[in-house]
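The listed protein sequences correspond, in order, to chains A and B. Residues 1 to 260 (UniProt numbering) are what the first sequence spells out, left to right. Residues 1 to 316 (UniProt numbering) are what the second sequence spells out, left to right.
Hints in this document: simulated from the structure, not taken from any laboratory. Just so you know, not all the hints are guaranteed correct.
Unchecked claim - Each computed BS3-like pair below joins lysine-lysine, with the alpha-carbon atoms no more than 27 Å apart:
| # | chain 1 | residue 1 | chain 2 | residue 2 |
| --- | --- | --- | --- | --- |
| 1 | B | K212 | A | K218 |
| 2 | A | K107 | B | K212 |
| 3 | A | K107 | A | K216 |
| 4 | B | K212 | A | K216 |
| 5 | A | K216 | A | K8 |
| 6 | A | K150 | B | K25 |
| 7 | A | K150 | A | K107 |
| 8 | A | K216 | B | K305 |
| 9 | A | K107 | A | K147 |
| 10 | B | K212 | B | K305 |
| 11 | A | K147 | B | K25 |
| 12 | B | K305 | A | K218 |
| 13 | A | K8 | A | K147 |
Note that the coordinates shown come from a computational prediction; the quantities given were computed from them, not determined experimentally.
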Amino acid sequence: MRLFNSVKVRTPESVDLEFTLAGIGNRAIALLIDYLLWGALLVTVIVLWGLFAYNLPLYFRGLANSEALETWLAAVAWLVYSAAYASYFVGFETLWQGQTPGKRYTKIRVICENGQPVGLAQAALRSLLRPVDDFLSIGLLLILFTKREKRLGDWVAGTLVIQEEPAIVSANVALSADAQPLADQLGATANISALLPDDFAVIRSYLQRRTLMEPKAKAELGLQLARQARTLIGLHELPFDMTPDLFLEAMYLAYQQQSS
Amino acid sequence: MLNSSPMSVGNVVSAGFRLYRSRLKAYLGISTRATLWAMLPWALLIPLLVVAFVPFALSQGENPTSLILLLLIFPWVALAIYCGARSSLNSALIARLAYGELSGQPEDSRTAFRQIRPRMWNLLLVHIAVGMVMFGINFGLSIAQQFLIILPAIAFRDAPAIAGIFAVVAYLGTLVVYFWFWAHFYIPEVAIAMEGDTNAFDMVGRSWNISKGSANRILLILSVAALITFPLYGLVAIPVLPALVGTASLIQVGDVSAIGWFLIAIGVGILLLLLVNLFTLPFWQTLKAVVYYDLRTRREGVDLKFRNSITDEPRD
Numbered sequence: 001m002r003l004f005n006s007v008k009v010r011t012p013e014s015v016d017l018e019f020t021l022a023g024i025g026n027r028a029i030a031l032l033i034d035y036l037l038w039g040a041l042l043v044t045v046i047v048l049w050g051l052f053a054y055n056l057p058l059y060f061r062g063l064a065n066s067e068a069l070e071t072w073l074a075a076v077a078w079l080v081y082s083a084a085y086a087s088y089f090v091g092f093e094t095l096w097q098g099q100t101p102g103k104r105y106t107k108i109r110v111i112c113e114n115g116q117p118v119g120l121a122q123a124a125l126r127s128l129l130r131p132v133d134d135f136l137s138i139g140l141l142l143i144l145f146t147k148r149e150k151r152l153g154d155w156v157a158g159t160l161v162i163q164e165e166p167a168i169v170s171a172n173v174a175l176s177a178d179a180q181p182l183a184d185q186l187g188a189t190a191n192i193s194a195l196l197p198d199d200f201a202v203i204r205s206y207l208q209r210r211t212l213m214e215p216k217a218k219a220e221l222g223l224q225l226a227r228q229a230r231t232l233i234g235l236h237e238l239p240f241d242m243t244p245d246l247f248l249e250a251m252y253l254a255y256q257q258q259s260s
Numbered sequence: 001m002l003n004s005s006p007m008s009v010g011n012v013v014s015a016g017f018r019l020y021r022s023r024l025k026a027y028l029g030i031s032t033r034a035t036l037w038a039m040l041p042w043a044l045l046i047p048l049l050v051v052a053f054v055p056f057a058l059s060q061g062e063n064p065t066s067l068i069l070l071l072l073i074f075p076w077v078a079l080a081i082y083c084g085a086r087s088s089l090n091s092a093l094i095a096r097l098a099y100g101e102l103s104g105q106p107e108d109s110r111t112a113f114r115q116i117r118p119r120m121w122n123l124l125l126v127h128i129a130v131g132m133v134m135f136g137i138n139f140g141l142s143i144a145q146q147f148l149i150i151l152p153a154i155a156f157r158d159a160p161a162i163a164g165i166f167a168v169v170a171y172l173g174t175l176v177v178y179f180w181f182w183a184h185f186y187i188p189e190v191a192i193a194m195e196g197d198t199n200a201f202d203m204v205g206r207s208w209n210i211s212k213g214s215a216n217r218i219l220l221i222l223s224v225a226a227l228i229t230f231p232l233y234g235l236v237a238i239p240v241l242p243a244l245v246g247t248a249s250l251i252q253v254g255d256v257s258a259i260g261w262f263l264i265a266i267g268v269g270i271l272l273l274l275l276v277n278l279f280t281l282p283f284w285q286t287l288k289a290v291v292y293y294d295l296r297t298r299r300e301g302v303d304l305k306f307r308n309s310i311t312d313e314p315r316d
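Work out the full structure: start from the sequences and follow the hints.
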């Protein structure tokens, strides 16, 4: 089994795409954030409208038909409130291509079952069924126990909630100044091309993440990786004494130079 | 199953649930055993009390009850400790199985059980150690809290509203600090289940070290997980709470026969809660395994390995 649930979709152009589903954790966090923001929005609307509706009749005090004005105000209030109520999820999901603030924070997105971005219709259907899904946590149970993690709103709208692919950012690795000359030397003497991309990725991850590691565990891991990396590139002796980290930094640079 | 980088909060929770579902049947069996062991001493307490109090009721004058209780209480405590250890052994077994899946070295229940069986007392010890540490922290925090409440109350004698605000902030603040510590001592149980025969108190220290800088994340993970399990408890509350309130109000107006129904409602409530616990316990344990694995990924880089072929030590 795989740690995260994935799903294959076929686009209208018959291209098969594979997505990782959002998962219950991300969806719960997104929902929590969205409900907090949504609640804050609704409270703000109610307070602002309350101030407006209280002050407006003061300007029309002399008017004969003030009762009608109040009825109208109540009606418009209901409209404004409903608009705010409905527009949060529908508005964000339509304008932000399937994302709401909560979904953006957790890096998940609603898409159509054919991989297309969602439109107004899908967002509206999902939003319409939200109260039903919230009732007795039906939506939660469906997300937990169905294969494609779809709540009722997703079934009706024909949508999936997926994780965004992490953007490939250029590796931000802090290297010491001594690494460059060593890398040149390694490039000249060792068989750097024996290093596979996966091996390089391990070295890069280590160099990126080492500062957050526990010092003792980091020292052990660095030494172990350096020894194994040395075997990988066919070196028996190191050119001269160096720390494991420096050696790995040099390998990192040498691999990059060799492949560029 | 290997995952090769630190996970986000949401993904930790999702992974915990995926692991839970992947071996649900086995986990539920183990969880049932853990629950039954935990319940056994309490179930035995009922006949024990009957044995102790029946002579008292019969003899009317003389009172052998205290003597019988005294004779029975020590074996009962010993049994309760043993049952507690057996229960925590089974809980830890779930965490170990889940961790095995995560690290790409899955075990079957029997092998895993054989592995951790000798660590039973260590597991109990680590629970006790964490309990003691948290007791100490709670004690210190309570004193600090009292200072934070009493001093402003004296300073703002004329403005009770301000003193009240200080009190609320002090309560919430100490609660947050308490939970922050608690998150640091969340995983020693899995550490023992995985790494074995080390001293329980060392593992508490290890839990503290490995979770440095991650306490808030762990708290968020646990909150989200609680949010997911919450509806299950709601399902228990929906029938039980009205029954309790209803029968209690009948008792209040003098309906003696309602007492029986009230007790039955409590009994049913406890049984339902146990049932829900039986289902949620494995989830909490698989989640704990994911948290531990994720912490080891972050702090020790356990996921950083080259191809299998070269993991042997080089021949110098």
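Here's how the hints hold up against the structure:
1. For a cut-off of 27 Å, the pair hint linking K212 (chain B) to K218 (chain A) stands: about 15 Å separates their Cα positions.
2. Of the pairs offered as hints, the one joining K107 (chain A) and K212 (chain B) holds, with about 25 Å between alpha carbons and a cut-off of 27 Å not exceeded.
3. With a C-alpha separation of about 33 Å, the suggested pairing of K107 (chain A) with K216 (chain A) is violated against the 27 Å cut-off.
4. Among the hinted pairs, K212 (chain B) with K216 (chain A) is consistent with the structure: their alpha-carbon atoms are about 14 Å apart, no more than 27 Å.
5. At most 27 Å may separate the alpha-carbon atoms for a hinted pair to count; K216 (chain A) and K8 (chain A) exceed this at roughly 43 Å.
6. Only pairs whose Cα atoms come within 27 Å are accepted, and K150 (chain A) paired with K25 (chain B) is accepted, the gap being roughly 23 Å.
7. For a cut-off of 27 Å, the pair hint linking K150 (chain A) to K107 (chain A) stands: about 18 Å separates their Cα positions.
8. Annotation: proposed proximity of K216 (chain A) to K305 (chain B) holds, straight-line Cα distance about 17 Å (limit 27 Å).
9. For the proposed pair K107 (chain A) and K147 (chain A), the alpha carbon gap of about 21 Å is at most 27 Å, so the pair holds.
10. Of the pairs offered as hints, the one joining K212 (chain B) and K305 (chain B) holds, with about 23 Å between alpha carbons and a cut-off of 27 Å not exceeded.
11. Simply put, K147 (chain A) and K25 (chain B) have alpha-carbon atoms about 18 Å apart, close enough for the 27 Å limit, and the pair holds.
12. For the hint pairing K305 (chain B) with K218 (chain A), the CA-to-CA distance comes to about 13 Å; that is within 27 Å, so the pair holds.
13. Between K8 (chain A) and K147 (chain A) the CA atoms are separated by roughly 12 Å; this keeps the pair inside 27 Å, and the hint holds.
Consistency with the previously given hints fails for numbers 3, 5, ordered from lowest to highest.
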